[in-house]
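So the chains spell out like this:
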Amino acid sequence: MSEQVEHLIKKEYAAGFHTNIVSETLPPGLNEDVIRFISAKKSEPEWLLDWRLKAYKAWQEMSEPTWAHVNYDEIDFQAVSYYSAPKSMDEKPKSLDEVDPELLRTYEKLGIPLHEQAALAGVAMDVVFDSVSVVTTFREKLLEAGVIFCSISEAVQKYPELIKKYLGSVVPQKDNFYAALNSAVFSDGSFVYIPKGVRCPMELSTYFRINEQNTGQFERTLIVAEEGSYVSYLEGCTAPMRDENQLHAAVVELVALDNAEIKYSTVQNWYPGNEEGKGGIYNFVTKRGVCHTNAKISWTQVETGSAVTWKYPSCVLRGDNSVGEFYSVALTNNYQQADTGTKMIHIGKNTRSTIISKGISAGKSSNAYRGLVRINPGAEGARNYTQCDSLLIGDKCGAHTFPYIESKNPTAVIEHEATTSKVSEDQMFLCQQRGLDAEKAVSMIVNGFCREVFKELPMEFAVEAGKLLEVSLEGSVG
Amino acid sequence: MLRITDLFARVEEKEILKGLNLTVKPGEVHAIMGPNGAGKSTLGNVLSGREGYEVTGGKVEFNGKDLFDLEIEERAREGLFLAFQYPVEIPGVSNMEFLKAAVDAKRKHKGDSELSAVEFMKVAREASKRVSLDQAFLKRGVNEGFSGGEKKRNEIMQMMLLEPSLCILDETDSGLDIDALQVVANGVNAMRSPERSFIVVTHYQRLLDYIVPDYVHVLANGKIVKTGDKSLALELEEKGYAWLEDEAV
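Protein chains in written order, with our numbering: chain L, 166 to 643; chain G, 14 to 262.
To be clear, the hints were calculated from the coordinates, so they are not data collected in a lab. Heads up, a few of these hints could be off.
Unchecked claim - Think about it this way: if two alpha-carbon atoms lie no more than 27 Å apart in a straight line, the pair counts; the simulated DSSO-like pairs of lysine-lysine are:
no., chain 1, residue 1, chain 2, residue 2
1, L, Lys587, G, Lys152
2, G, Lys123, L, Lys632
3, G, Lys152, L, Lys620
4, G, Lys121, L, Lys605
5, G, Lys78, L, Lys587
6, L, Lys605, G, Lys152
7, G, Lys152, L, Lys632
8, L, Lys605, G, Lys252
9, G, Lys164, L, Lys605
10, L, Lys620, G, Lys135
Produce the complete structure using the sequences and hints provided.
Okay, here's the thing in structure tokens:
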């Protein structure tokens, strides 16, 4: 089987095309003028520019974190362009008819129809192209329910009070190196507001696309769920195939007020680089949510892309009885490196968290789970259950688990289970003896391994995720 | 159906099969018995193409084709089925999904269209009933948490669904209580037909009370040293294998 498994890896990255479009792109480099330019471009109020500049000052004094189990050449932050937008977006299109057809074709090719009649039933979508939001669908329908779903730039103009109140409330500007960078230069992203007691009538989704060369994408997503509300949100992302590495440093903040529930799913398929490990996206993302009393935040992620992934969607369980969940599938192939996991911070009483992490390593990749479970002194009766499973395909990849557990309350119950297994010769033989070819066999075994996580995804996307896994594994056996 | 001529095979440098000859005609049931380490399981693994089993000589013709020209999955699609002695678990993959993929692969090979989920459900339910497996097993992971007997019944169910032309049962009776043994044997007997052949590998005569073979062969030291009818199995039960092993040397 080792021989069969040697081969993995020959599939073209389907989303790897480049859209030929005239863009306004800032020359590479970062200084205060760049930040002023971005802020002015978006006609931001003074306080937000100050907020950005403060973040920039903080960032200048910070250094890149090196504790993650990943290796890459030092990033030259002065070689990155911090703003790029299609020229046609200068005058914000008022409707889809005014959007550059070339842009629409891009999304069509990616299988993401933007016309509402063609869209996935029940899914509203915001699409972000390089540094700007192109269009948000189903806005009127959502507004009827009182749900706000728009780009964050627009929210700054239309709902400044909400932005001022919540931006940076979960991930402060100085939280970490990449969050500080994002706070200084973020260009667009999505904003979601669900009013009190409202169950959002549709799935909300944002699709991120990096197109321009040497451009970083720094988006910011903010979701606020008022008391007793519910929302399910999904993000997807792709980028063209390029030989250079590109930087993506996003910040996502979730606020679940009393009795609210936020379900946040990610299908991450950034360009992972080629078979020799050339190119690909550096994905340095800070995602965190705060749960107030009885609130629940559930992160589900399927990570198959990026050359380097550094990402720990976390829950701060501030309110009593609040619940945090993290379901993750991270697949690495070729020379991909992933250091991903979660943090569950138990502050309130009887807070509960569940972590299910499935890491799959193939090729020469490295896949690490890094998780922190912290029980604060006041978190009476807190509970955590963690399960980390690693699956190895072939014998040149690596899987690592770094669980940190800090309990300061004797009533807490913390469970941690971890397994490492290989796609076994016996399993492969059984499948093949029943007539399945080797590739189908591997994808079936891997999908089975991930089932606990896939069942947490919204239905339409669970199927997509399964297919994505199959494509990412293609060539892993011969 | 199957013609094995002068077959030599080894596992990790150790010669296990040493000039084995066997011909199986359509509709026949052949029992292969023999002492531990004689190469009984090796035969099934070599015929189905398992990695690690190296053929060093001889040839095998299966339905007019050179068996060794075919990949593992091609042999399966051509109608060769191996019921495992120790069926492996595939966690998280539902039995139903697995069986449908297998049946579809075989249908595609024959140029038939894939079955719809509804059509497949119907035949799968029917098959599970015939091996007395509750339908709940169709939804569970492949062999996941199944008892020994349930695993073996699951094997027979797969055999029913795939309708192979040559079934190799590798010590399917091992670890079965008498009730499970009967279920398995009934399943096999129900599948006997003029077009389908069986090779039943077993250590004990007991199974042959239920699946009555046309021929009984004794495999010792890598070749067939004696062939007879079902009475040979009874004789072996009584005398053991030692007297034949001497002959083989």
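Outcome of the hint check:
{"no.": "1", "hint": "L:Lys587 - G:Lys152", "verdict": "holds, 24 Å"}
{"no.": "2", "hint": "G:Lys123 - L:Lys632", "verdict": "holds, 26 Å"}
{"no.": "3", "hint": "G:Lys152 - L:Lys620", "verdict": "holds, 15 Å"}
{"no.": "4", "hint": "G:Lys121 - L:Lys605", "verdict": "holds, 14 Å"}
{"no.": "5", "hint": "G:Lys78 - L:Lys587", "verdict": "violated, 35 Å"}
{"no.": "6", "hint": "L:Lys605 - G:Lys152", "verdict": "holds, 20 Å"}
{"no.": "7", "hint": "G:Lys152 - L:Lys632", "verdict": "holds, 21 Å"}
{"no.": "8", "hint": "L:Lys605 - G:Lys252", "verdict": "violated, 48 Å"}
{"no.": "9", "hint": "G:Lys164 - L:Lys605", "verdict": "holds, 22 Å"}
{"no.": "10", "hint": "L:Lys620 - G:Lys135", "verdict": "holds, 25 Å"}
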